[in-house]
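For chain A, the structure is supplied; the task is to place chain B on it using the hints.
Respectively, the protein sequence lines represent chains A and B.
For the record, in the first sequence the residue sitting at position 101 is 101 according to the working numbering, with numbers rising by one throughout.
Here the working numbering runs 1000 ahead of the position in the second sequence, where the first position is 1.
You may find that some hints are simply not true.
[Said to hold, decoys possible] Residues from chain B that face chain A, not an exhaustive set, calculated with beta carbons under 8 Å:
#1 1039
#2 1044
#3 1073
#4 1308
#5 1320
#6 1336
#7 1343
Think of the hints as simulated: they come from the structure by calculation, not from any bench.
In this text, all values refer to a predicted model and were calculated from it rather than measured experimentally.
For glycine and all other residues, C-beta sits at the position ideal for the given N, C-alpha and C.
2 protein chains.
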Amino acid sequence: MGRTFRFTLRATDGTARRGEFETPHGVVQTPAFMPVGTQGAVKAALHSDVAAAGAAIILGNTYHLFLRPGDELIARRGGLHRFIGWDGPLLTDSGGFQVFSLAAHRVITEQGAEFQSHLDGSRHQFTPERTVDIQARLGSDIAMAFDECLAFPATRQAAAASMQRSVRWAARCRARLEVLRAAPPPDVTVSNPRQAQFGIVQGGVFLDLRRESADATVASGFDGYAIGGLSVGEPIDVMYTIVAETAGRLPRDRPRYLMGVGTPEDLVECVARGIDMFDCVMPTRNARNGQLFTSQGRINIKNARYAEDDGPLDPICSCYTCRRHSRAYLRHLYLAGEMTAGALNTLHNLTFYLDTMGRIREAIQLGTFDSFRQEFLRSVSRLSHDS
Amino acid sequence: MGRTFRFTLRATDGTARRGEFETPHGVVQTPAFMPVGTQGAVKAALHSDVAAAGAAIILGNTYHLFLRPGDELIARRGGLHRFIGWDGPLLTDSGGFQVFSLAAHRVITEQGAEFQSHLDGSRHQFTPERTVDIQARLGSDIAMAFDECLAFPATRQAAAASMQRSVRWAARCRARLEVLRAAPPPDVTVSNPRQAQFGIVQGGVFLDLRRESADATVASGFDGYAIGGLSVGEPIDVMYTIVAETAGRLPRDRPRYLMGVGTPEDLVECVARGIDMFDCVMPTRNARNGQLFTSQGRINIKNARYAEDDGPLDPICSCYTCRRHSRAYLRHLYLAGEMTAGALNTLHNLTFYLDTMGRIREAIQLGTFDSFRQEFLRSVSRLSHDS
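Next up, chain A with everything else stripped away, as it sits in the complex (with noise of 0.2 Å):
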């Protein structure tokens, strides 16, 4: 069986960190972007297309898969793994941020949260301990605790209790999985036994909740660290200055993973703060509605000026869709309403997140991430005025 989950510290460069950590399922270099696969698949990609685009783990979603086809049956299955036909590594969200965005009728309480199907307004709850069980049947390589997740903008207080309530919750999300590690009860199937865990850190926008959050938290002991509720509608600056003094309290031995987040820039500059993970869905919702990121800034394919470029997406990009399409074919798939639009659209747009992450790892080991940076940041902000 394979390895225990493991961070390794390679190369910093300023406050951005090279490192990669070892999964059941594989290694991952970081800084890491990790695309989006909520229901077990990454909307419009093939597994392969994922992994030819350059991505290393992807995410699932314990609400989603809670609710369908349901956890049991993926454990019946064999585990997540096998029951999607994903052997790499894989990072389980624990559901919170769907319970409170997605879900109807909520009640929290300091037990948990109880809440209606988006699909049928069944009945569920989720208890820290429920979650954790859960996602033990997925089997993810990485589980994340299950957090409470403020609305924005919150009062001081609110974001405060709300805070206190999530560490309160990450130590019984921790505690659970001692006890499945120990001894599991016979109706929790342990898909995954050396699943790694991470605590989530929250706080709102306030800097000493987040300080206070961040040591609660680590003082449960993850396998790594979250930073959750953020990219939830705060100014971009508030956003950064949180992601540094955060990163900077979490330990420096463990790999800290920034939720939902975020623009190219974004990941720049919080890989520029001290972040190795990131998720989102913007690569992949973007191509959906036409939105591609290019070397050049963003393109809107819908654009009329588009409809007599036989020129690629962006030049210097290696992806099939620009190796054997045109921006003039691309805006008409998107027009006629094919499939493959969207299909086209999501590859090119994974493989400019993942190409993006791979030129940081490289100017991170070769000391030259600064420059990257500012270089970067020139680059994509162009053509910006046609999105």
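Just chain B now, kept in the frame of chain A:
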């Protein structure tokens, strides 16, 4: 520049024929199945996937491409091959069928068809000459003559009048192509100077009209001959009889193309009656609806019986979908509304159709087509209670 169209008959087994045809963009082994790429894209499949499934030639549609993005725009891109990034053989349907099935307020005269676009209601006219010009701009390797498509059922009188008009239109199409070959007018960009042209035999369900149409269409001297107006509601044995009679009437040294047909059983049965080429939306459309073709019969992937089925769609299929994914996962993707459900199912169904054509070709070559046919019909009719 490439080769002129040429058909070579390599072997026969009873009435079944094994051959190949050369086009300016490559050789196609027959009997051949052509995936449908109406708008310049096979729905839910990247070109690389279509090629990997074994397709040597795909279809585009004159009506759709004329309306969007426009044949003149495509000519400015260098023709359809360059526009869509497919450098293998391409056939374009003339749009006759779409004018009769999709367009609104159509008025048919001896001159041609006036109609309104199904997209925006704009008014257009297709004459035989105009559809030749449009296809010249598209630059497909095989252009189809413009024919009148008859509603089913039709009286003998209506079928005769319509067929005779199609014969006259075919002669006009042929004459127009000769003009374009000799001295194209300045407003017609000929994107593929060695484009071949096929005539279409009509005549409804009336054998004598089919014979008359075949003889008169052949008199115009096309590079190949299609049988149109079948699989529109007539009984299957009527279709098979007309195919057999019509194919037998067509010149031995030209390919015979049965348009818009059909099920896997139809392919085998019509090859047995002398057909060399097929196209049909069935493998791609059914795939998107969760209807899969397998060596053991049809599968409706929505069926609850597949919820925990860890086996591949088809144990003897070597497509990406069958190599990588289980029926349980494919059912999950379909029910979850994931775009990859359509993509994976399409890959499989295309592979099944194209593998079937490969087995047909091999059997004719070996002189074992009749036993292949019996065995094939026995196996694919299993599990059909499922769909």
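Comparing the hints with the structure gives:
1. Among the interface hints, the one on residue 1039 of chain B holds; its C-beta lies about 5 Å from the nearest C-beta in chain A, closer than the 8 Å criterion.
2. With its C-beta approaching chain A no nearer than about 4 Å, residue 1044 of chain B sits inside the 8 Å limit, and its interface hint holds.
3. The closest approach between the C-beta of residue 1073 of chain B and any C-beta of chain A is roughly 6 Å, which is under the 8 Å cut-off, so the hint is satisfied.
4. Checking residue 1308 of chain B against chain A: minimum C-beta separation of about 6 Å stays under 8 Å; hint holds.
5. Using the Cβ-Cβ criterion of 8 Å, the hint placing residue 1320 of chain B at the interface with chain A is satisfied: the shortest such distance is roughly 7 Å.
6. For residue 1336 of chain B, the interface hint holds, since its Cβ comes within 8 Å of a Cβ in chain A; the closest pair sits about 5 Å apart.
7. A least Cβ separation of about 6 Å between residue 1343 of chain B and chain A falls short of the 8 Å threshold, and the interface hint therefore holds.
The earlier numbered hints are all upheld by this structure, with none contradicted.
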